[in-house]
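Start counting the sequence shown at 0; every next residue gets the next number (numbering that gives the first Met the number 0).
The following label-pair restraints were derived from C-beta to C-beta distances:
hint, residue 1, residue 2, range
1, His-40, Leu-80, 51 to 59 Å
2, His-39, Gly-77, 49 to 57 Å
3, Pro-28, Leu-72, 51 to 59 Å
4, Arg-47, Leu-87, 56 to 64 Å
5, Leu-71, Thr-36, 47 to 55 Å
6, Thr-14, Arg-60, 23 to 31 Å
What the hints contain is simulated information worked out from the structure, not anything from laboratory work.
For glycine and all other residues, C-beta sits at the position ideal for the given N, C-alpha and C.
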Amino acid sequence: MIKGINRQMIEITDTGSPYFERALLVVQPDMSRTDDTTLHHEAHEVLRGADSCSQLRRQRRQLLFSRLWLILLSGGGGAALALLLERLL
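Use the sequences and the hints to build the structure in full.
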């Protein structure tokens with residue numbers, strides 16, 4: 000843990016990213032008395048959740064699949080309705 004004059008910071012050297020070798024996180028003043036293991040655990044959780052590029056791709060992919068599924072279901076429902084109406088008339 001790095002202690003500054005006015006702020007307390009955590010340095011993470013294992014970011015898990017091929018682009019960044021380390022990250023510096025500033026601890027909120029009211030949380031500076033929290034034990035080091037909890038702060039380091041939370042810092043790693045923040046870095047794990049900061050993978051926004053892949054998260055955006057995942058959300059777009061899920062949106063695309065849900066729309067395709069909806070189109071297929073409506074097409075199948077329309078075909079079933081057309082078949083039913085054809086048999087009735």
